[in-house]
Amino acid sequence: SVMTQARPARCSGPSAPAWGAAWVYARLPTKAADDPPVEATQLPVDDLLRFFEAGPDAPLFALLGRPVAHSISPRLHGGWMRRAGRAGLYLPLEIGTADELAVVVRRLPALGFRGANVTHPWKEAALGIAVRATASARECGVANCLTFDADGPSADNTDVAAAEQRLGELRDVGHGPGGTVVVLGSGGAARASVVAARRIGARPVVYGRNPAAVDRIVRELGAERGDLSAPRPAPLVVHATSVGREPADRLAVPLSALLAPGGYLLDWVYGAPDGEVARAAARAGAGYEGGERLLALQAARSYERWWGAPPPAEGAGSHPAEVACAA
Numbered sequence: 360s361v362m363t364q365a366r367p368a369r370c371s372g373p374s375a376p377a378w379g380a381a382w383v384y385a386r387l388p389t390k391a392a393d394d395p396p397v398e399a400t401q402l403p404v405d406d407l408l409r410f411f412e413a414g415p416d417a418p419l420f421a422l423l424g425r426p427v428a429h430s431i432s433p434r435l436h437g438g439w440m441r442r443a444g445r446a447g448l449y450l451p452l453e454i455g456t457a458d459e460l461a462v463v464v465r466r467l468p469a470l471g472f473r474g475a476n477v478t479h480p481w482k483e484a485a486l487g488i489a490v491r492a493t494a495s496a497r498e499c500g501v502a503n504c505l506t507f508d509a510d511g512p513s514a515d516n517t518d519v520a521a522a523e524q525r526l527g528e529l530r531d532v533g534h535g536p537g538g539t540v541v542v543l544g545s546g547g548a549a550r551a552s553v554v555a556a557r558r559i560g561a562r563p564v565v566y567g568r569n570p571a572a573v574d575r576i577v578r579e580l581g582a583e584r585g586d587l588s589a590p591r592p593a594p595l596v597v598h599a600t601s602v603g604r605e606p607a608d609r610l611a612v613p614l615s616a617l618l619a620p621g622g623y624l625l626d627w628v629y630g631a632p633d634g635e636v637a638r639a640a641a642r643a644g645a646g647y648e649g650g651e652r653l654l655a656l657q658a659a660r661s662y663e664r665w666w667g668a669p670p671p672a673e674g675a676g677s678h679p680a681e682v683a684c685a686a
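Using my numbering, read the sequence shown as starting at 360 and increasing by one per residue.
Note that these hints are calculated values from the structure, not bench results. Here the structure is a predicted model, which means the values were calculated and not measured. Treat the hints with care, since some could be wrong.
[To be verified] Here are the computed distance ranges between Cβ atoms for each label pair:
#1 Gly581 x Asp458: 47 to 53 Å
#2 Arg591 x Ala443: 44 to 50 Å
#3 Arg466 x Asp416: 17 to 23 Å
Note that the Cβ used here is the ideal one computed from N, Cα and C, for glycine as well.
With the hints as constraints, model all of the structure from the sequences given.
Structure representation (structure tokens):
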């Protein structure tokens, strides 16, 4: 017979020994570091055994957001911990409201959680929960990484470092030579992209369908406002909207109007090589890059904050397959 876990059981497996449970559901042992799970809640039996055998001090980590079942962050962190011989587990936990986020974050440390990544739509709320924050998180006004200290959660924004590194790499190979980076979107990933663009000396221009959110970015982060009615093409565009993640969403402005001929589009959404954004880039004669590298770069920085050391070099910049959207 085959036994699986339902979504509410994401924490029950690792917590089973504390509750005196005699057994727990799991999936077959991992064959490779990036083996996809049969179902998002199932943990490999070898990972669970390593976690249980390490004793009560083995840490837990979480991904908090909505949706999270698609995320490959657990696979990234799980693979790194496995290769490093670390006995931790990384669990996706779907959070329905900002109030629920506050309650969950308050309770997680007592359950053995050392830290959590926070994804859409709770990055701004995560910063408000923290008792302290890094300069990157304060500058962005949003956080995607929480570390649970004795006196409360510390917030960081590892998206900024990831975007800064990737934008710098692209600039160094000739993308965006004019110094302008167009950012399409007005949420947490867009804010991180604007901060990163400014740090590498570029001029960020923001386009978005939410005027109030764009106003905040322009006012708080020093970006320029793009005019949706008269878009100006740039050699480098960062896509930071939910298009590609949410099936019903559509681009607010034609990408062909934003991408200069021979330009390059960096997408925060991953796992959609044939999606609307990638197709639009192809029609514009521009290069396209999904968000796999951005995800791996920000995840590696979260891992280092929690463990005090970077992840194993093998796979630290990997581009995992079988993915659906950025986390």
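Do the hints match the structure? See the list:
Taking 47 to 53 Å as the suggested C-beta distance range, the pair Gly581 and Asp458 does not conform, at roughly 32 Å. In this structure the supplied range 44 to 50 Å holds for Arg591 paired with Ala443, their Cβ-Cβ distance being about 46 Å. Under the hint 17 to 23 Å, the C-beta atoms of Arg466 and Asp416, about 19 Å apart, fit the expected range.
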